[in-house]
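Undergrad: Keeping their order, the protein sequence lines are chains A and B.
Mind the numbering: the first sequence is residues 1 to 405 in my numbering, read in order.
Mind the numbering: the second sequence is residues 1 to 114 in my numbering, read in order.
Rather than coming from a laboratory, the hints here were simulated on the basis of the structure.
Hints may be right or wrong, so weigh each one.
Restricting the straight-line Cα-Cα distance to at most 30 Å, the calculated cross-link-like pairs of lysine-lysine (DSSO-like) are [said to hold, decoys possible]:
hint: 1; chain 1: A; residue 1: Lys-301; chain 2: A; residue 2: Lys-341
hint: 2; chain 1: A; residue 1: Lys-301; chain 2: B; residue 2: Lys-53
hint: 3; chain 1: A; residue 1: Lys-93; chain 2: B; residue 2: Lys-53
hint: 4; chain 1: A; residue 1: Lys-287; chain 2: B; residue 2: Lys-53
hint: 5; chain 1: A; residue 1: Lys-341; chain 2: A; residue 2: Lys-55
Facing chain B, according to a computed beta carbon distance under 10 Å, are these residues of chain A, among others [to be verified]:
hint: 6; residue: Leu-8
hint: 7; residue: Leu-16
hint: 8; residue: Ser-18
hint: 9; residue: Cys-21
hint: 10; residue: Gln-65
hint: 11; residue: Phe-67
hint: 12; residue: Phe-82
hint: 13; residue: Lys-93
hint: 14; residue: Lys-97
hint: 15; residue: Val-109
hint: 16; residue: Leu-113
hint: 17; residue: Asp-117
hint: 18; residue: Tyr-118
hint: 19; residue: Asp-120
hint: 20; residue: Gly-159
hint: 21; residue: Leu-332
Cβ atoms here follow ideal geometry from the backbone N, Cα and C, with glycine treated the same way.
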Amino acid sequence: MTTAVLPLVEHFALGLDSPICLTWELTYACNLACAHCLSSSGRRDPRELSTAECKAVIDELERMQVFYVNIGGGEPTVRPDFWELVDYATAHKVGVKFSTNGIKINQEVAQRLAASDYVDVQISLDGATAEVNDYVRGVGSYATAIRAMENLAAAGMVGFKISVVCTRQNIDQLDAFKAIADRYSAQLRLTRLRPSGRGADVWDELHPTAEQQRELYNWLVRNGENVLTGDSFFHLAAYGEALPGLNLCGAGRVVCLIDPVGDVYACPFAIHETFLAGNVRSPGGFKTVWRESELFTELRKPQSGGACASCSAFDACRGGCMAAKFFTGLPLDGPDPECVKGYGEIALSKVTPGASPKPSEDHSRATQPRNGPVMLTLRTRPDRSCDENPLAGMAPVREPAGVGR
Amino acid sequence: MSAAPMGVPAGPSTAGPIGEGVLPPFAPDLPYELHPAVEVRPEPFGALLYSFKTRRLSFLKHPDLVTVVRSLGDHPTASAACRAAGITDPARLTMFERALATLAATETIRERHS
Numbered sequence: 001m002t003t004a005v006l007p008l009v010e011h012f013a014l015g016l017d018s019p020i021c022l023t024w025e026l027t028y029a030c031n032l033a034c035a036h037c038l039s040s041s042g043r044r045d046p047r048e049l050s051t052a053e054c055k056a057v058i059d060e061l062e063r064m065q066v067f068y069v070n071i072g073g074g075e076p077t078v079r080p081d082f083w084e085l086v087d088y089a090t091a092h093k094v095g096v097k098f099s100t101n102g103i104k105i106n107q108e109v110a111q112r113l114a115a116s117d118y119v120d121v122q123i124s125l126d127g128a129t130a131e132v133n134d135y136v137r138g139v140g141s142y143a144t145a146i147r148a149m150e151n152l153a154a155a156g157m158v159g160f161k162i163s164v165v166c167t168r169q170n171i172d173q174l175d176a177f178k179a180i181a182d183r184y185s186a187q188l189r190l191t192r193l194r195p196s197g198r199g200a201d202v203w204d205e206l207h208p209t210a211e212q213q214r215e216l217y218n219w220l221v222r223n224g225e226n227v228l229t230g231d232s233f234f235h236l237a238a239y240g241e242a243l244p245g246l247n248l249c250g251a252g253r254v255v256c257l258i259d260p261v262g263d264v265y266a267c268p269f270a271i272h273e274t275f276l277a278g279n280v281r282s283p284g285g286f287k288t289v290w291r292e293s294e295l296f297t298e299l300r301k302p303q304s305g306g307a308c309a310s311c312s313a314f315d316a317c318r319g320g321c322m323a324a325k326f327f328t329g330l331p332l333d334g335p336d337p338e339c340v341k342g343y344g345e346i347a348l349s350k351v352t353p354g355a356s357p358k359p360s361e362d363h364s365r366a367t368q369p370r371n372g373p374v375m376l377t378l379r380t381r382p383d384r385s386c387d388e389n390p391l392a393g394m395a396p397v398r399e400p401a402g403v404g405r
Numbered sequence: 001m002s003a004a005p006m007g008v009p010a011g012p013s014t015a016g017p018i019g020e021g022v023l024p025p026f027a028p029d030l031p032y033e034l035h036p037a038v039e040v041r042p043e044p045f046g047a048l049l050y051s052f053k054t055r056r057l058s059f060l061k062h063p064d065l066v067t068v069v070r071s072l073g074d075h076p077t078a079s080a081a082c083r084a085a086g087i088t089d090p091a092r093l094t095m096f097e098r099a100l101a102t103l104a105a106t107e108t109i110r111e112r113h114s
């Protein structure tokens, strides 16, 4: 053969006619108020897509041969038409994988889910113990998630997902998460904490330390194929060995986000007008936004490495996560804030505090719900086991998340 | 050229194979078909495949392989489907059969009984 065959990753970098999969947040309404919520959810937005509009989007996804959508929110299952939309999507050959905190997964729902090949469930759990989980997700949320998993397992739903956002507080629980997944015949999915939405407010406190990143990387290399990552740790590939999956930022190239009001963003972690490509309600609908928007066209052009281009690891990490840079106030063509070579920390030290961009949409409730997270009391391991300083671990008392915004 | 399918668990959040049973080994002289739970989407590089059964995404990295996979059901054997798609060079045929073996192992294609 004489034709040059581009590596697959290059095809993806240039974008596809249809996304491989996309995230669709159905509502900003949520019964929880997680401290690190990537979409600043809480209250429903009156402009959210109607049932008929959602069905029209599904029709279009079917025509574009989008195999499945990752439905999230907010808490998608609190939408009264949620199951109707799930049934409509699967009847139109658009598979559904939805993320939930488990609030609606009772025995009856679990049996329904177990019976369908076209629906998959992802239960969010950010601590392997109630203490660690409820610290960021709110009181009672661990019990809710566990009850949902019990119901799914009892109904015979094999291989549902347990989705964990990796934080400073839970990195030492990776084996415990795996044990929970094994107990319920589920599959563990680990994803990266992004400074998106309310996550920006708590990122400094929650994002893994450099040592923990290394620990996480080693764990992923060890457990590789059995654990899903949403391909979100490609910035760690700079440690050496590439992790299983696609080591590429797919934003606007192979993935995107449709938000509850129909706005199309480059990725779920980039809810900001800078990454807004269009709206599904505009003429031409989602297809036109995906194929013709100025933003996505730009993202599909060959990217320059900027400040990272001369780094030996650039081919591995490609500069890391766009959203993580943006919301920490770093330039998009520079290092990721969690750059494993340490360039991110240097860059962060030059950012004026408070100068980083804020999300364009905020649906947080004005007051914390009663079950809201109170990030005040978590006891974590000593900073270092050999640390004898009596003040080790002391930190100034913080305000509860969501207050004083 | 690169005709091997990549069983990459790619895309934001895709599953690996779950509860895979023991599958019979691929045999080029048997009839095959695309697994009914698999959807094929043509792409400039070949095709993107998704199995609703295993919830696994895979990629066919050559248009000729896409032709073969899609026409398996119309031919008496897997080898015959390859030959009909113009894969006659022995070395190339071996590569294609290896690719088909991977697809059979991941339940993307299956033996046809009819």
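Undergrad: Hint by hint, where does the structure go against what was stated? Just the numbers, ascending.
TA: Of the numbered hints given earlier, those the structure breaks are 2, 5, 12, 15, 16 and 21, listed in rising order.
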